[in-house]
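Visitor: Single-letter residue listing:
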Amino acid sequence: MTTLWDTTGSAVVKELAAQRRTGGAVLSGVALTLVVVADEDRVTEAEDAATVAAEQHPCRILVVVRRQIEAPVPRLDAEVSIGGRLGPGEAVVMRMYGRLALHAESVVLPLLAADAPVVTWWHTQPPSRLTTDALAVIADRRITDSTSAPDQLAALRTRAQDYAPGDTDLAWTRTTAWRATLTSAVDSVAGRRSDAVRVLGGRVEGQPGAATARLLAGWLSSRSGADIDVVQATRHAGDTGVDSVVLQLDQDEEVRVHADRRGGAVISQPYRPDATMALPDRSLGDLLGEELRRLDPDEPYAEALEVTTGVTGLAGRAAVRAHVWVDPAEQDGHGASPASEDDVAEGSPHGEAPTVPLDSEGADEVAEHGEHDTPDPTAPEAVR
Amino acid sequence: MIPNPLRDPRDRRLPRVPEPCALVVFGITGDLARKKLLPAVYDLANRGLLPTNFALLGFARRDWGDQDFAELARDAARNAARTPWREEVWERLANSVRFVQGSFDDDNAFDELAATLDELEGSHGIGGNAAFYLSIPPAMFPVVLKQMQRTRMAESTPDRWRRVVVEKPFGTDLASSRELNELVDSVFSAQDVFRIDHYLGKETVQNLMALRFANELFEPVWNGHHVDSVQITMAEDVGIGGRAGFYEKTGAARDVLQNHLLQLLALTAMEEPVEFSADEIRTEKLKVLRAVSLPQDLRTFAVRGQYEQGWLAGQRAKGYRQEEGVDPSSTTETFAAVRLGVETRRWAGVPFYLRTGKRLPRRVTEIALVFKRAPHLPFADTDTEELGNNQLVVRVQPDEGVTLKFGSKVPGSVMEVRDVSMDFLYGEQFTETSPEAYERLLLDVLLGDATLFPRNAEVEASWSVIDPLEEFWAGSTPEPYRAGEWGPRAADRMLAAEGRRWRRP
Chain S
1 MTTLWDTTGS AVVKELAAQR RTGGAVLSGV ALTLVVVADE DRVTEAEDAA
51 TVAAEQHPCR ILVVVRRQIE APVPRLDAEV SIGGRLGPGE AVVMRMYGRL
101 ALHAESVVLP LLAADAPVVT WWHTQPPSRL TTDALAVIAD RRITDSTSAP
151 DQLAALRTRA QDYAPGDTDL AWTRTTAWRA TLTSAVDSVA GRRSDAVRVL
201 GGRVEGQPGA ATARLLAGWL SSRSGADIDV VQATRHAGDT GVDSVVLQLD
251 QDEEVRVHAD RRGGAVISQP YRPDATMALP DRSLGDLLGE ELRRLDPDEP
301 YAEALEVTTG VTGLAGRAAV RAHVWVDPAE QDGHGASPAS EDDVAEGSPH
351 GEAPTVPLDS EGADEVAEHG EHDTPDPTAP EAVR
Chain L
1 MIPNPLRDPR DRRLPRVPEP CALVVFGITG DLARKKLLPA VYDLANRGLL
51 PTNFALLGFA RRDWGDQDFA ELARDAARNA ARTPWREEVW ERLANSVRFV
101 QGSFDDDNAF DELAATLDEL EGSHGIGGNA AFYLSIPPAM FPVVLKQMQR
151 TRMAESTPDR WRRVVVEKPF GTDLASSREL NELVDSVFSA QDVFRIDHYL
201 GKETVQNLMA LRFANELFEP VWNGHHVDSV QITMAEDVGI GGRAGFYEKT
251 GAARDVLQNH LLQLLALTAM EEPVEFSADE IRTEKLKVLR AVSLPQDLRT
301 FAVRGQYEQG WLAGQRAKGY RQEEGVDPSS TTETFAAVRL GVETRRWAGV
351 PFYLRTGKRL PRRVTEIALV FKRAPHLPFA DTDTEELGNN QLVVRVQPDE
401 GVTLKFGSKV PGSVMEVRDV SMDFLYGEQF TETSPEAYER LLLDVLLGDA
451 TLFPRNAEVE ASWSVIDPLE EFWAGSTPEP YRAGEWGPRA ADRMLAAEGR
501 RWRRP
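Quick mapping for you: the protein sequence lines, in order, are chains S and L. For the first sequence, the residue numbers in full-length UniProt numbering are 1 to 384. For the second sequence, the residue numbers in full-length UniProt numbering are 1 to 505.
Excised from the complex, chain S in its bound form:
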């Protein structure tokens, strides 16, 4: 592991290459690049989760911590490690100060694994329009977490309004275990009947304010066509905000699944004894690992999100976003008018946009200066 203080993006690229060379037989295959955007106070949590995920899916981890946007001088500190504390693969933790934080992609782009998918995960408040963050624009898959927002339902609505195929949310990942259990319970009824089952209605009992509970209800509604809502549970629901789910089936039957709080779910169904299935609490890393398993657009999520928020037409949206430059410093000042990067005037109080680093160490000189030497007054033949 090497820490580079006040460094440049090209120095980080070089250091990574150097470590790979000296590291010997370290991981050489990289399936994807995981860009983690985290706040300083939650960065350890994010690193731990990314490490767990990297053990499941070898990836290059790039952690971006944006700090002190108002700092007068842009600065980059980076920690480069291969096969160290951040899992088996390559990892770079970057702290960006000043205006550089707004141009994080300038450091991240050359660090992406060649032609491998890019996943960006915000372990922080994501921008309400992802298109304003260049780190979202370069990603093939974008992971947010609405359960960490103060108002989870508002966060879901924001995500629906901003949705583009390839977006996903950890609130949805948290429904997977429930969805598997419910599906299995309905399978079980269908198996007994040897005939198809219809879901006529039902309810999710838990916290109506929890994004996960809402998405679960939304998914059930989207699959069954029935109107299934979240009602307040009598007891406090666990992490996911779901305590139990009741499904009304045709033939006047009912299936009920409730969490037993010991890592299991009890399934009650007609003509069968109660059965318990595993429904473990999952760690953040595990959830992230599930997200990295598939990188194509998640249609069932889009449908569940549509039903949950009432925003329509999600699946039909374009999958590609174009970067929109928004200067946070201007936003609070005089109404956010999206401005282009060129508008930052010389000597503007916001400082200058970082340019190509002065330190050209490791640069391709032939590319920069051309193949033929320009007469160099200091060259020996010139001195002659």
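Don't read these hints as lab results, they were simulated from the structure. Hints are not guaranteed to be accurate.
[As the list claims (entries may be wrong)] Short derived list, chain L residues pointing at chain S, Cβ under 10 angstroms: (1) 10; (2) 12; (3) 46.
[Claimed, not checked] Rough simulated footprint, nothing fancy, chain S against chain L, three-plus residues with beta-carbon under 8 angstroms: (4) 16 to 22; (5) 47 to 60; (6) 81 to 90.
Even for Gly, the Cβ is constructed at its ideal location relative to N, Cα and C.
Starting from the structure of chain S, add chain L where the hints point.
Guide: For chain L alone, kept in the frame of chain S given last:
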């Protein structure tokens, strides 16, 4: 499966979970059950892949209660489980574990087994579905199957399925395998019989199909125009362990060549299946196995060997004849190598060299396609002296992955071309630890997916390849090789006879 409104083919986060069912294991106290089966059941439960209503039934001769059995099962599962141990998962599973004691010829025991199954239907809601795993010597099959027939346990009806899992050896020659197949198929219907060849549960073997049929790059050269020869190796560094009794009667050809190696050959050489379904894949495999030909000159092209004492991995290893329980003048082979042909348009003239052996330098299984040399090399002879044939190697175990070997220029001012290899290591791209083969296969049995299980006709076709070999070898003495060597000299001569040599895996 019956349609379920919550299921969505696009929703691949949801696992494939079998219908409610029971798994009945005969010979639950055996080695395989303890080392592989029980841990696999636990791992499945831990991954949430067992159905809501599930029961595990053990049947063995020992005088045990449910409690003793649960204890043994727990220890076994805990010792060998692949996924982290979670006591609460096991406890849940333990609630549905039952043990039935009895010997296989005991009518009462089987009546009790049938009664227990019925009882579980009520108490655990298994829906009458059951898979019977015969983890017992084949000699016991007739007795057990007769018992199952008598108690009508083996009948699949529209309301419930009954399946049987059979392990190798599937017979000892064509005649006996036919007999065994007829017996099993008379009790269970053919589609309910699952023959486990655990090699086919390995991720790389399944990847072979992805590699061949999902890519544009490989299939065009996957034929006799470009492939010079194919080498399939399955080497083990261990000896016969405590299985002398079994091994003495079997030998390497019947133990490994007949099933694992011929299955790998079939997957390598088969045509593209019309669709990726059990029936279509098995049809294509069967076509290849029927097209396999033996060489005219068996003396040169079929070699068997037996290890003598030697040194392996820094330790002294006994010779085969000195192993406990082995006849000191035994002529059982521990190494077999043969040159086969596949008589199809695609493979005409391409030799398939198969070899397997015990006490070889390392444990490795791989399929190597050796390509022809480039028809013309525009370099000076001295430039390409170190250039060999291009190779595509599928490593089945360990270090599952694919290696491509090709020529590359040595850095420097001289044009010099040397072989380099490009490695794809499975574990580097997807470390999502691939499930243990038994885990995958067990799940497939419960789901009723027969894609990875050979059909009876395949087994019979494989025996028709092995039988003439065994006939030729009968009465001869295997060539000796030292433990820790890559087999007898004759195996090297076999390839040298055609100007080739074995790849060192």
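Visitor: Hints first: check each against the structure and report whether it holds.
Guide: Hint check results:
1. 10: At 5 angstroms from the nearest chain S Cβ, residue 10 of chain L passes the 10 angstroms test, so the hint holds.
2. 12: 6 angstroms, holds
3. 46: 7 angstroms, holds
4. 16 to 22: holds (count 3)
5. 47 to 60: holds (count 4)
6. 81 to 90: holds (count 3)
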